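Asker: As a plain string of letters, each chain reads:
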Amino acid sequence: MTRIEHPAPPRDPAEVAAEAERLEKVWESPKGWRYWSDVNNSEVGLWYTLTAFGFLLFGGVLALLMRTQLAVPENDFVSAEFYDQLFTLHGSVMMFLFAVPILEAVAILLLPEILASRDLPFPRLSAFGYWCFLIGGIFVCGSLFFDAAPTGGWFMYPPLSTDERSAGIGVDIWLLGLSFIEVASIAAAVELIIGVLKCRPPGMRINLMPLYAWYILVVGAMILFAFPPLIAGDLLLEMERAFDWPFFDPARGGDPLLWQHLFWVFGHPEVYIIFLPAIAVVAMIVPTFAQRPIYGYTWIVLAAVGTGFLSFGLWVHHMYATGLPSISLGFFSAASEAVAIPTGVQIFAFIATMLLGRVIFSVPMLFVTGALAIFVAGGLTGVMVALVPFDWQAHDSYFIVAHLHYTLLGGMLFPMFAALYYYFPFVTSRELSRRPGVIAFWLLFTGFNVAFLPMHLTGLLGMPRRVFTYPEGLGWDGLNMVSTVGAFVFALGVAVVVVDMLRPRGRQPYCTRNPWNAGTLEWLTEVPGKPWGVRSVPEIDSRYPLWDQKDFVRHVDEGRFFLASAKEGKRETMVTTAIDAEPIQCLRVPGPSFIPMVAAIFIGGSFIFATFAWYWMAVASGLLGVAAILAWLWVGTAEIPEKAEKAVGLGLTLPLYASGPAGVGWWAMFITLLGDATAFAGLVFGYFFFWTIHDDFPPALVQADLVQAEVGLGVAWPAAGVALAVAGWALTVLARWGNRRGAIYAARLVLVAAAAISAAATAALLYAPYAAGLEPTAHAYPATVWILAIWVALHLAVGVIAQLYCLARSLAGRMTAAHDIDMVNTALYWHFMAITAAVHFAVVALFPLAQ
Amino acid sequence: MLRCKGRRSKVPGGRRRLLPASAALLLAGCGGPQSALVTAGREAEAVAGLFWIMLGGAVFIWVLVIGTAVYAAYIHPDPHRDRVARWFLLGGGVALPVAVLTALLVYGLLLMGSLRSEGEGLRLAVTGEQWWWRVSYSPEGGGDVVHSANEIRLPAGRRAELLLDSPDVIHSFWIPPLGGKMDMIPGRTTRLVLEPAEPGSYRGACAEYCGASHALMAFSVEVMEPAAFDAWLAREAEPAAAPTEAAARRGAELFHDVGCGACHAIRGTPAAGVIGPDLTHLASRATLAAGTLPMTRDALARWITDPQAVKPGARMPPFRALGKTRIADLAAFLAELQ
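From first to last, the protein sequence lines stand for chains A and B. Residues in the first sequence are numbered consecutively from 1, following our numbering. Residues in the second sequence are numbered consecutively from 1001, following our numbering.
It is worth saying that the hints were derived from the structure and are not from the lab. These figures come from a predicted structure and were not determined experimentally. No residue lacks a Cβ here, since even glycine has one placed at the ideal position from N, Cα and C. Keep in mind that the hints are not guaranteed to be accurate.
As the list claims (entries may be wrong) - Pair by pair, the computed Cβ-Cβ distance ranges are:
#: 1; chain 1: A; residue 1: P293; chain 2: B; residue 2: A1099; range: 26 to 36 angstroms
#: 2; chain 1: A; residue 1: D548; chain 2: B; residue 2: D1082; range: 10 to 20 angstroms
#: 3; chain 1: A; residue 1: L849; chain 2: B; residue 2: E1238; range: 33 to 43 angstroms
#: 4; chain 1: B; residue 1: V1258; chain 2: A; residue 2: T446; range: 35 to 45 angstroms
#: 5; chain 1: A; residue 1: R205; chain 2: B; residue 2: G1091; range: 37 to 47 angstroms
#: 6; chain 1: A; residue 1: E164; chain 2: B; residue 2: E1238; range: 31 to 41 angstroms
#: 7; chain 1: B; residue 1: V1063; chain 2: A; residue 2: P293; range: 20 to 30 angstroms
#: 8; chain 1: B; residue 1: W1062; chain 2: A; residue 2: L849; range: 36 to 46 angstroms
#: 9; chain 1: B; residue 1: G1119; chain 2: A; residue 2: F847; range: 37 to 47 angstroms
Can you make the complete structure from the sequences, with help from the hints?
Answerer: This is the structure we're talking about:
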């Protein structure tokens, strides 16, 4: 079906070279210190990956300190307090600063190339995410050097994390620093989802997508629904810590278990969020070295999607020992067992592919086999701990420490090492050395098993997790010493990899192009690499075009496909339809800019100042951050092109501007709002959770304090708030309608009215709990009502800014009847706001009446 | 390690069953006073049995899967036919796990239902506090509540129900040789049922991270013959014996002069504090400071002098200022509280 003629007529080499030169100039990174303003996925992805790898090394050193402390009983190598900082940071760093970020980093680096796209749809958003990650990561890790690191453990259970005696500023650093990074993670997820759905090459229908893209799609969606509940939880916990709002204090109607639900509804999908993208790399490596297409493509896709869904129904298996009713335990036990099935299908499909091909020995394949050996063992112990009675013994013991490291290192770290060896030539055009690779593998594999296999037994001999020391004579001494030795052998393996990675390779010759003879599009990359991503965006009709499509590489190189040049000097990439990948737009993506970095610094500043309770500084920094983001949007988005459409090659002409669902911005807004609505749902869950644990909710004790005779919040003010919010929504929709029909002035007037009414809605919603005399520190009920009101009010306030932004764009001539991306996206935002306000009203005002 | 199953005989110093030397050696590898594998209670025994079965199955499956992977990757067989791959994927990857997991789940759920069900018996209220255990016994069939701390005694062969809670942070109550753990959550009361089978001395610990001295929050467990237990409980209900030794008498006076009674109770004396552990029969317990120190005079003196040196963050203030002699007197007094 490809439009290329065979045999293709010869092209003028001079013309091809001129095209290439123009293209290279457009995509080149800036030089000197301006290099750091670059936003291209290959640069940002590389910084991101290296930074995450740096955090891995940091987290690893923390682990070595812990293993040193535990080598012998009653050791005093570190103090109890410092040990608590070590394990809290080790878990938090590995999860939040290594495992999740590196998957996003690698996806930012690889995904566009795997999809033969020039870049991700929002390059500046990737850069913003990276700078947030760097700032937040340094802030959280740096706390250790001031003896101020958090000590609550990576699950940060209250009331320990709200206890004034044992929880210092470290907990605030953890909550705010990591929330900041979570926001960046969600931003990356939005970008990756749209990257997969909208930036595929023409012809790459959804069933031809490389498995990597499928996995990233599933993981992006999981991040979107898993991280927001944690952000909601973080918000509640920080409100309790900073302002004494008693969400988790049982003496005032709170409940520590609410945190555990919110944390684990994030925390369990998190495990699969880490696992799936790593296994995705395995799904790319195995076919290459078996030299045949993956077996069971459809099965793997279904299994990945199934794993994604099931992973949201497992969280209670972290809470088997909290005394929940048997019926819940039974349900979650069944779901926890069931998730082993799709996971197994994926593993079996990889092995089946190996059976069908003739496997070539290589270092990446060695790591893949090692990963399988470790992960399958971790999966099997996972099946064990999914059974409630066994978990009652294993829970919070070293058996779990062993289990989780088998799953995470086997399911994530070893595949990432495989990816490192596999994709190193892709990034640097040079291969890593084979012998050190094999040596490193055996050091890592042996070290890992020596360290963690005995821990299963240590745990069953009764050793609890998170102990800074242990008495001798309980049968744990020898086992711990063995584990410590193993940890250091493992560290030696990491050192070998790092040395091989970092040693100068100036004199090492370039590798051949596509050195592994792989079949997927990322291996179109030139040797040495070029900045443009792909010379011309090809048309695809196979899952392995490099293997299957005739003269494919030559045609790409000769610029015979789409967007072979950059005549207008702009960075351009293709946008296609989500299912069939029909080309629908030539997207101009923004180039280098420092604005994302500046925005990240100010937004980061607001989180960091808040940690130290410098609230005015935090607000000021936050406002500057909002200003930076507005400036970024103003100059960098929804630009009106100089012409409506352009010829992209092969006789195809595509529009340069697309608003609504055809454009990527609409999708980004929609997907972000899904995540945002999930966070709101997390808060609403909190409200109903309190209702289930209290006999009277709203509680009598609050009602007694009321001036009015109404129950709880009352109806009048919330009703006014929601009515105004709905009016704000209706006017916004009206403004969009008018603007599109060319009634520009009327639309501007309607926007003014919409902003005024929406601002009034914000005020009314905030006044409601105040008017009702609700004191947030008195009880969990008023605190929950207040937090819901604040959440909705803040969102409406952002909506007001969006309305005013549209007005300003219209006045500045940057938004017209035909070019109305800003207006359409603002209206979309307000659709969600109308729903949010209505749900808020139903929950806080109507629900109490129904009882 | 392949055969460490089986029940535990009395540990330590109890009679051991006659076992072949090798098995005894393996048993030692899985043993220890806090082991979940050499068991002395109904729940722990059932779970250990389940574990060995699951371990066998897991090893078998692991060898099969990884063996196939290694065979495919490194033995370099000729490419197999599609039919082989299909059977492998659908049989090994779908049918087999569905069957195995279903069977396992059903067994696990039935087992869960049978353990920890409602019933009669001795009731204990155990409160986890940073970083010690408040324990009170409500004998079967009524009778006064008996207060103690940092030690659990249970009658062998009888069912005991434990009601667990916490006033400060989340702890988790765990006696591996007897059964699984249960969290102690502020604002909630959780239940645990234990049915010890074998008399002996065991060790329990806090399993949920609860702050600086989480590692030092353990307790001793004595499973006794029922008659011995009843006798012990009757004795535990009695007030403290009067001090006899001269140093102990001086220590008793000091105890009240210094104000120890503000936090600690010693029944039979004016000391009735409820903040710290009940000390009425302190010296009859096997350990001091929640499983951290042996119950000796020296250890008592060390603890009183500087609790934080033993247990980081401990709530009890240091009494170094009293001087060595007076602390020795206090220790002598406490060491007589049998």
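Asker: Confirm or reject each hint.
Answerer: Hints, verified against the model:
Taking 26 to 36 angstroms as the suggested C-beta distance range, the pair P293 of chain A and A1099 of chain B conforms, at roughly 30 angstroms. For D548 of chain A paired with D1082 of chain B, a C-beta distance near 18 angstroms keeps the hint of 10 to 20 angstroms intact. Between L849 of chain A and E1238 of chain B the CB atoms are about 59 angstroms apart, so this pair departs from the stated range of 33 to 43 angstroms. Between V1258 of chain B and T446 of chain A the C-beta distance comes to about 58 angstroms, which lies outside the given range of 35 to 45 angstroms.
Distance hint for R205 of chain A and G1091 of chain B: a CB-CB separation of about 31 angstroms, inconsistent with the stated range 37 to 47 angstroms. Range check, E164 of chain A to E1238 of chain B: Cβ separation about 40 angstroms, and the 31 to 41 angstroms hint holds. Take V1063 of chain B and P293 of chain A: their Cβ atoms lie about 29 angstroms apart, and the range 20 to 30 angstroms holds. At roughly 58 angstroms, the beta-carbon separation of W1062 of chain B and L849 of chain A lies outside the given 36 to 46 angstroms, and the hint is violated.
Between G1119 of chain B and F847 of chain A the CB atoms are about 39 angstroms apart, so this pair conforms to the stated range of 37 to 47 angstroms.
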